[in-house]
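Peer 1: Protein chains in written order, with my numbering: chain A, 1 to 124; chain B, 1 to 155.
Simulated from the structure, these hints should not be mistaken for lab results. All C-beta atoms, glycine included, are put in the ideal place defined by N, C-alpha and C. Hints may contain errors.
[To be verified] If you want a taste of the chain A side facing chain B, the calculated C-beta under 8 angstroms gives, among others:
| id | residue |
| --- | --- |
| 1 | V14 |
| 2 | I17 |
| 3 | L34 |
| 4 | M35 |
| 5 | P44 |
| 6 | L52 |
| 7 | R59 |
| 8 | D65 |
[Stated by the list, open to error] Keeping only pairs whose Cα atoms sit at most 35 angstroms apart, straight-line, the calculated DSBU-like set for lysine-lysine is:
| id | chain 1 | residue 1 | chain 2 | residue 2 |
| --- | --- | --- | --- | --- |
| 9 | A | K83 | A | K108 |
| 10 | A | K75 | A | K108 |
| 11 | A | K97 | A | K4 |
| 12 | A | K83 | A | K97 |
| 13 | A | K108 | A | K4 |
| 14 | A | K75 | A | K4 |
| 15 | B | K31 | A | K83 |
| 16 | A | K75 | B | K31 |
| 17 | B | K116 | B | K31 |
| 18 | B | K130 | A | K4 |
| 19 | A | K108 | A | K97 |
| 20 | B | K116 | A | K83 |
| 21 | B | K116 | B | K130 |
| 22 | A | K4 | A | K83 |
| 23 | A | K75 | B | K116 |
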Amino acid sequence: MNLKTVAELLGADVLCISGCLEEVEVDHAYAADLMSDVLAFACPGSLLLTGLTNVQIIRTAQMLDIPAVVFVRGKRPQEEVVKLAGQVGMSLLVSTKSMYETCGLLYKTGVFPCDIPERGGESS
Amino acid sequence: MTDPYVVEFTVEGEDFLAAGEASNNIKETLKMLGVPSSICRRAAVITYEAEMNLVIHARGGTLRAEITHERIELTARDEGPGIADVNLAMREGYSTAPDHVRELGFGAGMGLPNIKRNADTLHINSVVGKGTELRAVIHFDGEDSSGGGKRRAML
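Turn these sequences into a full structure, and let the hints steer you where they fit.
Peer 2: The following block contains the structure:
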């Protein structure tokens, strides 16, 4: 699904566009407010959904080549966050819906979850 | 290439706005050297978690990447308070991070486990009151956990 379709589906505001929204495809999404969880489990190139709006969200997404972030619950990031996203070529969307509803809408439309590896007794 | 390619950055303690810049610079360097993107991401997770530890816990330090044909060696050094029990710190969910850090989405006790998961080898030397040295190595010919096969950087 391309980002323009994502924005329309969620009724999201687009704060920052990297290139053309139609040209950025996202097949998978990961939702979390814990950045280490994102670093552990989000698949590269997926869409990140989060309720946090600080600058570390952009940094974390950048490490995993995540092309776009959706801020849920209508939370808007500060100008420095939008500026950094623009600098690194990341698109930012704001959904007024809850995290649950935002995830549900995307899931229902066929956006896949990121696989969580087996972790029973993991030590390596 | 005979000499390793080395980059090193200073990381300031408690500077949450700049936190991540050093890791991004290292990631860009690896990309420039032709390192496969899956390995760039593994290195980025290691350096970013280590960088956040320097910012949160250690009053800053240095982040260094040494790249050869065979491997990437990533080193985080600080003169912070040290880690009293490294085995405990390696456990998922264990964290000593303060609330203001948790509000940023960190301090969930996943940092060192994330570093270990992405490194082929990990060594942590820490002395309480003196500081910590974390050294993580990724081999290009090692099993690529991100789904790739045998890889070699084009240096």
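Peer 1: Next step is simple, just say for each hint if it's right about the structure.
Peer 2: Hints, one by one, checked against the model:
Violation of the interface hint for A:V14 is found here, the shortest Cβ-Cβ separation to chain B being roughly 23 angstroms, above the 8 angstroms cut-off. For A:I17, the interface hint is violated, the least distance from its beta-carbon to any beta-carbon of chain B being 21 angstroms, above 8 angstroms. This hint holds: A:L34 has a C-beta 5 angstroms from the nearest C-beta of chain B, less than the 8 angstroms allowed. Interface hint status for A:M35: upheld, as the beta-carbon distance to the closest one in chain B is roughly 4 angstroms, under 8 angstroms.
The closest approach between the C-beta of A:P44 and any C-beta of chain B is roughly 6 angstroms, which is under the 8 angstroms cut-off, so the hint is satisfied. Of the supplied interface hints, the one on A:L52 holds, with its beta-carbon coming within about 5 angstroms of a beta-carbon of chain B, less than 8 angstroms. Using the Cβ-Cβ criterion of 8 angstroms, the hint placing A:R59 at the interface with chain B is satisfied: the shortest such distance is roughly 3 angstroms. Taking 8 angstroms as the C-beta cut-off, the interface hint given for A:D65 holds, the closest approach to chain B being about 7 angstroms.
For the hint linking A:K83 to A:K108, the alpha-carbon distance of about 32 angstroms falls within 35 angstroms, and the restraint holds. Distance restraint check for A:K75 and A:K108: the Cα-Cα separation of roughly 23 angstroms lies within the 35 angstroms cut-off, and the hinted pair is therefore satisfied. In summary, the hint linking A:K97 to A:K4 is supported, as the alpha carbons are separated by about 17 angstroms, within the 35 angstroms threshold. Under the criterion of a C-alpha separation no larger than 35 angstroms, the hint pairing A:K83 with A:K97 is consistent with the structure, at around 24 angstroms.
Of the pairs offered as hints, the one joining A:K108 and A:K4 holds, with about 17 angstroms between alpha carbons and a cut-off of 35 angstroms not exceeded. Distance check on the hinted pair: A:K75 and A:K4 sit about 20 angstroms apart at the alpha-carbon level, within 35 angstroms; holds. For the hint pairing B:K31 with A:K83, the CA-to-CA distance comes to about 23 angstroms; that is within 35 angstroms, so the pair holds. For the suggested pair A:K75 and B:K31, the alpha carbons sit about 33 angstroms apart, so the restraint of at most 35 angstroms is met.
As the CA atoms of B:K116 and B:K31 are separated by approximately 22 angstroms, the hinted pair is consistent with the 35 angstroms bound. Among the hinted pairs, B:K130 with A:K4 is inconsistent with the structure: their alpha-carbon atoms are about 52 angstroms apart, more than 35 angstroms. At most 35 angstroms may separate the alpha-carbon atoms for a hinted pair to count; A:K108 and A:K97 meet this at roughly 15 angstroms. Under the criterion of a C-alpha separation no larger than 35 angstroms, the hint pairing B:K116 with A:K83 is consistent with the structure, at around 32 angstroms.
Distance restraint check for B:K116 and B:K130: the Cα-Cα separation of roughly 23 angstroms lies within the 35 angstroms cut-off, and the hinted pair is therefore satisfied. Only pairs whose Cα atoms come within 35 angstroms are accepted, and A:K4 paired with A:K83 is accepted, the gap being roughly 21 angstroms. Proposed proximity of A:K75 and B:K116 is supported: the alpha carbons are some 33 angstroms apart, at most 35 angstroms.
The structure fails hints 1, 2 and 18 (numbered hints given earlier, in ascending order).
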